[in-house]
Amino acid sequence: MQLKKILPLAALTVALPSLGLAQEAEVVVDATPDAVAALNTEMVFILNSLLFLIGGFLVFFMAAGFCMLETGLVRSKNAAMQATKNVALFSLAGIAYFVVGFNLMYPLGDWVIEGWLGGVAPTVLEPVGVALEDVDDIEYASIGSDFIFQLMFCAATASIVSGAVAERVKLFPFLVFVVILTGIIYPIQASWSWGEGFLDEIGFLDFAGSSIVHGAGAAAALAGALVVGSRYGKYGKDGKINVMPGSNLPLATLGMFILWFGWFGFNGGSQLAMGTIADVADVSRIFANTNLAASGGAVAALILTTILYKKPDLTMVLNGALAGLVSITAEPLTPGLGMAVLIGAVGGLIVVLTVPMLDKLKIDDVVGAIPVHGFAGIWGTLAVVLTNPDAVLSAQLIGIALIFGFMFAASLVVWLILKVVMGVRVSDEDQVTGLDKTDMGMEAYPEFSS
Amino acid sequence: MQLKKILPLAALTVALPSLGLAQEAEVVVDATPDAVAALNTEMVFILNSLLFLIGGFLVFFMAAGFCMLETGLVRSKNAAMQATKNVALFSLAGIAYFVVGFNLMYPLGDWVIEGWLGGVAPTVLEPVGVALEDVDDIEYASIGSDFIFQLMFCAATASIVSGAVAERVKLFPFLVFVVILTGIIYPIQASWSWGEGFLDEIGFLDFAGSSIVHGAGAAAALAGALVVGSRYGKYGKDGKINVMPGSNLPLATLGMFILWFGWFGFNGGSQLAMGTIADVADVSRIFANTNLAASGGAVAALILTTILYKKPDLTMVLNGALAGLVSITAEPLTPGLGMAVLIGAVGGLIVVLTVPMLDKLKIDDVVGAIPVHGFAGIWGTLAVVLTNPDAVLSAQLIGIALIFGFMFAASLVVWLILKVVMGVRVSDEDQVTGLDKTDMGMEAYPEFSS
Amino acid sequence: MQLKKILPLAALTVALPSLGLAQEAEVVVDATPDAVAALNTEMVFILNSLLFLIGGFLVFFMAAGFCMLETGLVRSKNAAMQATKNVALFSLAGIAYFVVGFNLMYPLGDWVIEGWLGGVAPTVLEPVGVALEDVDDIEYASIGSDFIFQLMFCAATASIVSGAVAERVKLFPFLVFVVILTGIIYPIQASWSWGEGFLDEIGFLDFAGSSIVHGAGAAAALAGALVVGSRYGKYGKDGKINVMPGSNLPLATLGMFILWFGWFGFNGGSQLAMGTIADVADVSRIFANTNLAASGGAVAALILTTILYKKPDLTMVLNGALAGLVSITAEPLTPGLGMAVLIGAVGGLIVVLTVPMLDKLKIDDVVGAIPVHGFAGIWGTLAVVLTNPDAVLSAQLIGIALIFGFMFAASLVVWLILKVVMGVRVSDEDQVTGLDKTDMGMEAYPEFSS
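Protein chains in written order, with numbering that gives the first Met the number 0: chain A, 0 to 449; chain B, 0 to 449; chain C, 0 to 449.
If you're looking for bench data, these hints aren't it; they were derived computationally from the structure.
Hints are supplied without guarantee of correctness; some may be wrong.
Copies of one chain are not kept apart here, so a pair can be met inside one copy or by any two copies together.
[Unchecked claim] Below, in silico cross-link-like pairs of lysine-lysine (PhoX-like), each with a Cα-Cα straight-line distance of 25 Å or less: (1) 359 / 236; (2) 236 / 436; (3) 418 / 309; (4) 359 / 310; (5) 436 / 418; (6) 418 / 239; (7) 436 / 309; (8) 361 / 418; (9) 436 / 239; (10) 436 / 233; (11) 436 / 310; (12) 361 / 236; (13) 418 / 310; (14) 359 / 309.
Note that this is a predicted model, so its numbers are computed, not measured.
The shape of chain A in the complex, shown without the other chains (with noise of 0.2 Å):
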């Protein structure tokens, strides 16, 4: 306990006697304040750290999420390799990040190009029980808890891109995309907003990642979808478009709901702080909003394929609900609860009039990703203009622009590389028999498919 070397009065008790007392009283008046403010930091760096743990393991937990989501929403066929996917793509992503992407995000002044790319180097955690002073910012939290919280964040890009790929693109060369996409890519990126890069600098607001986080990902799985193309069969030549309905919409349901479950750690925890009664305050806002958010794109995904359809569609309730987390992630802080509904349902009529535009640009986006993560995540990125003060349109303008081309540029151009050296594609023979079978031998559900 630090706070033994900072309370050092016991002792004093013992020379005070003999002094003169208002040198004494000094002497409390220095020293008293000190030990209370060292009990403070300290439980403000807890408390941070705690935040960030916490925050650590609910958007952990959006990984099965994504992973339910997605295999729910694949044909059986293909449900096993869908798993497979996002789980090695969670695990690699693990691995790209400590090695590389962390400290590519977070240079804090180690840049190689100041601004433009970070600092490169594994990851190294403070020592066991670190010392008060070996402690790397004691104002912010353990480099830990820090690691493990962005670390999920970067994740989630490749989870989003698995999403839209699905059901025909290559394991192998995925996972080597992946790997791309989260040691270098994303962290690049990212590190031009939170790392105090240039599009910091000129005031671009992204508070969790509607751009940052989600549009990249979506990016990304737009230059993925493009390369590797439409699943066999999803695009007639007569212009029909086949539906290829999910096997199991309980369990996107429920993916869906892990994913909500998860985004109170997804932006509370984006907060960064908790150890003062306003951080808390703001926290538990962000929860509020986020949660009306995801409410509000619900219902109005509900309400607008009703009207246009006659009949309301879960997945496209699933997907509207994502797509009001996604649009209230810019910026789930300063707006009230009224207009944090506004917002997510916002994100939930844009989902349910895109889907069927990609559909016609024959862009085969087997779970709406781009959809939610991209078109939701401009919206949220360009709300953040009518709550937030600060914000400036101009700079959102800019940072989606660079943050989307730049996205998808560098993820076309390593998609393309990939094409060319390993094969991104399925053979049409064997998406019909289908990929769990063909590429892995087994079967999602062998005693269940007709």
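Add chains B and C to chain A, keeping to what the hints say.
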């Protein structure tokens, strides 16, 4: 609070100046205990709010638990509809509770009719980065954390209803009912106890809502089940009761586990405070008692079904665990661990014995929501007198009668109006086909169902 | 700030003026740091208890993880039974641990046989609203929080067993075994290390239970698998090993993710303290190492199965991640991140290499519990010496031998007695039909199974 012993100095400031000596001593005397007290105040506020935030995300996840439980217990032809209802009801509950419910429930002096009908106004949170002097109640917690926690309880009542009326209620009339239930009916009733209304004044005790939440949901569910009627084919003309087994029992089991998980937040968070040694030790007691009551309920149901029917029954074991949880919810703090097991076990027995009773009365409760949340809820509310010396049986009985009576009557009126205005029941033909196809044009498991 | 009201020193102000001033100053000097120290003591107690409560609900959820993993990996005709076993075992474990296990495990001086056999008494928690002076250990945490946390570890051992003996063990004999395992066998063994028994004294180190929990469960599972025998048809007379694929791999994947999620609490909570900067930074290290070890295990299993069998195998990837988690559990604190990846990766390799070995020995372990929790557990316990300078290889070897030896021997005796008294194995005919129908009269998926 042990601080009483060791923060002695404020009064000294009056005495010291007369000693001539210590202008500085005055500073010490004023500043020091104030600094400690201020830090303590801050920490208590943060820890209380944190308890609500943790409780909030845990109880949020119960929405997923209800959804999986109910989706697993309906037939596969209605599973997508059941999932849709659960996502939509939770979303609408959030909006309704924000717009009117929260302040109706917590008028705290601002009553429309003193002690009976709360205030009417949308929820407004503390401002961003709230200053100490602008905090609503510095001895309690942030409004946002309180709102998110209480919202989850409100939504739970609607989740209980959706299980009972599954497989034949129309989506949109059901959702209208949800809005009225969560925006108006439940908040009015809950204000009587938790809003410091008249039930609180007569000494009715219901710690986390065996009656206020679970019984209330069950009463609304009973009204719904009566007005909507039983599922087509459930009760034959010859008096035969047709078993309609759930389509996905592993999913239902997952739902039960998620509910148990969330219940730590439900009961633990209802301590409403975690900033003192006594409070955190009480939350710990609550965790332990909650867990053991669920254990007792599950084991009792397992044993009794095996005795009665020679074979154990998984759905009864699941409902037994849930009944154990409901039973301990009215008083999870004062029982010892052994008593917690017993209270939960009685809940489990009640469910096994009353589920067939409802069938004999031709009340079709698809998931057993009325026995689990209603009958076990009554038992739990009565059982408070066993361990809490402050409880009075008469007050418990009055509370139960008024809560169930009001919730049932108000819900019945709404259901009857909805029946006339919109119709609440899906036609028999459509029930045979299944609501997923007829009302949504989709299937939950398009590749599995025979 | 209500503390202002309760500063109680009216008495002192009367007394002080008559005293010498040095004495006053002494009062100030003494009292002030005391106030800070008291607040610090309070906060440490709260934060430690909170760590256990968070750890408690996270590790609780592992019960759901085990249930989903095992229910997904059995054939659908035994899925409802597997779910029933998991709910019942967790419920019974709670009761058994309360009645006798907890105090048997934590005698802390109150041994029946010093260092070898703990005390016998049901768990009693601190009283409601406990006063500071009645707290059991003010430097540690509330009894209730400790109890709930440790209970979850105890229950995990039983969950491990249920996976290994799935699809042919009789329900009630299995549950009797669970009661003895969780009430007596595991607590006695765990007391040797965590109850400050003789293994603790010789310097055996197992931070969160690679051997004490996971190895212990695996040893009990091995005894069970040997006594119960293999599933009917698993090993042909011609030496052929029949593959019996799991019926619901997405559900098994969910189970793995839930286990990974819960493991943050399992390992993080085992720091046992979060009230200082050093402790919260250590918990953070543990979170990061735990996550990366799981990553290492999953990736290693993915690569090795692809090398060995040309195709990746989802169940091996799942078990690889779990083996990575088990491997880091004995020492999640001292390794650096790179070492954590390696320790986990070796665990993943061990699983891929030893699963076929068990089949060659005709030991039928349905979910791979013995390789995952046993062999990876041994590896993890040995690997402590790689990074923890306090670890001694001989002590680790002695600990492993005694833990596995005792757990296996004691379990074997119980299983053999149960075999004679109750019979432990479902008949071959009933196995062919499936335990759900024969022993429960129900089906897990009545509409899906072919």
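Comparing the hints with the structure gives:
| no. | hint | result |
| --- | --- | --- |
| 1 | 359 / 236 | within (13 Å within a copy, 53 Å between copies) |
| 2 | 236 / 436 | neither (27 Å within a copy, 28 Å between copies) |
| 3 | 418 / 309 | between (42 Å within a copy, 21 Å between copies) |
| 4 | 359 / 310 | within (21 Å within a copy, 36 Å between copies) |
| 5 | 436 / 418 | within (23 Å within a copy, 41 Å between copies) |
| 6 | 418 / 239 | neither (27 Å within a copy, 41 Å between copies) |
| 7 | 436 / 309 | between (38 Å within a copy, 13 Å between copies) |
| 8 | 361 / 418 | within (19 Å within a copy, 45 Å between copies) |
| 9 | 436 / 239 | between (28 Å within a copy, 22 Å between copies) |
| 10 | 436 / 233 | both (20 Å within a copy, 22 Å between copies) |
| 11 | 436 / 310 | between (35 Å within a copy, 10 Å between copies) |
| 12 | 361 / 236 | within (11 Å within a copy, 54 Å between copies) |
| 13 | 418 / 310 | between (40 Å within a copy, 20 Å between copies) |
| 14 | 359 / 309 | within (21 Å within a copy, 38 Å between copies) |
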